[in-house]
Amino acid sequence: MGTAAERRKELGDFLRARRARLNPTAVGLPPAGPRRRGGLRREEVSTLSQVSATWYTWLEQGRDIQPSRHVLDALARTLLLTPAEHAYVLSLAGYAPLTEPGEPAARTAPGHVQRLLDALAGCPAYAIAPDWTITGWNAAYVDLYPNVATVAPEERNLLWLVFTDPYVRDLLPDWEVTSRRFVAEFRAEAGPRLGDLAGSPAIQRLLATSAAFRTAWQDHHIEGFASRVRVFDHPITGMRHFEHHRLAPADHPDLHVVIYTPSCLTRSGVGVRER
Numbered sequence: 002m003g004t005a006a007e008r009r010k011e012l013g014d015f016l017r018a019r020r021a022r023l024n025p026t027a028v029g030l031p032p033a034g035p036r037r038r039g040g041l042r043r044e045e046v047s048t049l050s051q052v053s054a055t056w057y058t059w060l061e062q063g064r065d066i067q068p069s070r071h072v073l074d075a076l077a078r079t080l081l082l083t084p085a086e087h088a089y090v091l092s093l094a095g096y097a098p099l100t101e102p103g104e105p106a107a108r109t110a111p112g113h114v115q116r117l118l119d120a121l122a123g124c125p126a127y128a129i130a131p132d133w134t135i136t137g138w139n140a141a142y143v144d145l146y147p148n149v150a151t152v153a154p155e156e157r158n159l160l161w162l163v164f165t166d167p168y169v170r171d172l173l174p175d176w177e178v179t180s181r182r183f184v185a186e187f188r189a190e191a192g193p194r195l196g197d198l199a200g201s202p203a204i205q206r207l208l209a210t211s212a213a214f215r216t217a218w219q220d221h222h223i224e225g226f227a228s229r230v231r232v233f234d235h236p237i238t239g240m241r242h243f244e245h246h247r248l249a250p251a252d253h254p255d256l257h258v259v260i261y262t263p264s265c266l267t268r269s270g271v272g273v274r275e276r
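So the mapping is simple: the working numbering equals the position in the sequence shown, first residue as 1, plus 1.
FYI, nobody ran anything at the bench for these hints, they're computed from the structure. Among these hints, one or two may not hold up.
[Unchecked claim] Pairwise CB distance ranges, derived in the manner of DEER restraints: (1) 65 - 111: 37 to 45 angstroms; (2) 62 - 235: 42 to 50 angstroms; (3) 31 - 153: 31 to 39 angstroms.
Computed from a predicted structure; not experimentally measured. Note that beta-carbon positions come from the ideal geometry of N, C-alpha and C, so glycine has one too.
Kindly produce the complete structure, drawing on both the sequences and the hints.
Here's what the structure looks like:
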C-alpha cells in the first residue's frame, strides 16, 4: 500500500492539476485577464470552498494534515470534480476502504478464469492483474492482437503494449483518445495503492521511455471505467466493432476480465464512434 506521505502528495498534485485546468467563469468568477494564467488561484479555491488559504496551500503541498470529508466534498464541488474524481480524492484521504495488498501479481490467470476466457468463443477476452499485467487470454483475442502470445512475459502489460507496440497503435484508430483514457482508468483504479503500482517495472519503464505516457501520467486525469463501443482496424479483416466490458471474479476481485462482444450498434451505423 502506498504510504500516507505518498497519498498526501498524490492528493496535492491532483488538486493542483484540477485547479490549473478550471476556467474561472465555470465557477462564477470573472474571465482571466491578459496577465493571468489559466485556472483558479489557491485563494479563490479556498474562498469558494470556505477553508483558509493557508490550510488549502498545505493540502496541495502534501503536508501532514487530515482534511475532513466535509471539506473534501466542498473542494470537489468547487473544482467541479466528476463522481470518479470525487471518489478518488476521498480514497486518497482515507474515506474509502483501502485495498490491502495481496500476493504479487501472478503472470498466469487461475485455471478457472482461463477456462472462462476459453469459453467465450468468438469474443476476444483477457484477464489483467492490478498492475495491468495481462495474465490470460483466449484464441479470439490472439486473432485480434497476435503479439500477446509472443511478447516477453515481463512486457505483457496492457499499458506498456498500448504505448510501445506499433501494432497496437495501428490497431486503434482512436489511439490518442484510448491511450490517455487507459492511463486515467489505471489511476482511478489504483487510488490509495498508486504508490505501489506506480513503482511497478512497466510503469517505471514507460515513464523513462514514452513521452506520450509521461504527458498522460502527469495530467492526473481520472476516469472510471464504463462499458463502451470500441473500434479496431485489423490488418486482415478491417474495421471491427465491439462493446468493451469488464468483470471481476468474486473469488479474485483484484483480477479483471475484459471482454469484447460484437457490437450490434454498428449494424445500423449508430454508435460506431461512441467512446
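Cross-check of the supplied hints:
| no. | hint | verdict |
| --- | --- | --- |
| 1 | 65 - 111: 37 to 45 angstroms | holds, 40 angstroms |
| 2 | 62 - 235: 42 to 50 angstroms | holds, 49 angstroms |
| 3 | 31 - 153: 31 to 39 angstroms | violated, 55 angstroms |
Violation of the numbered hints given earlier is confined to hint 3; every other hint is satisfied by the structure.
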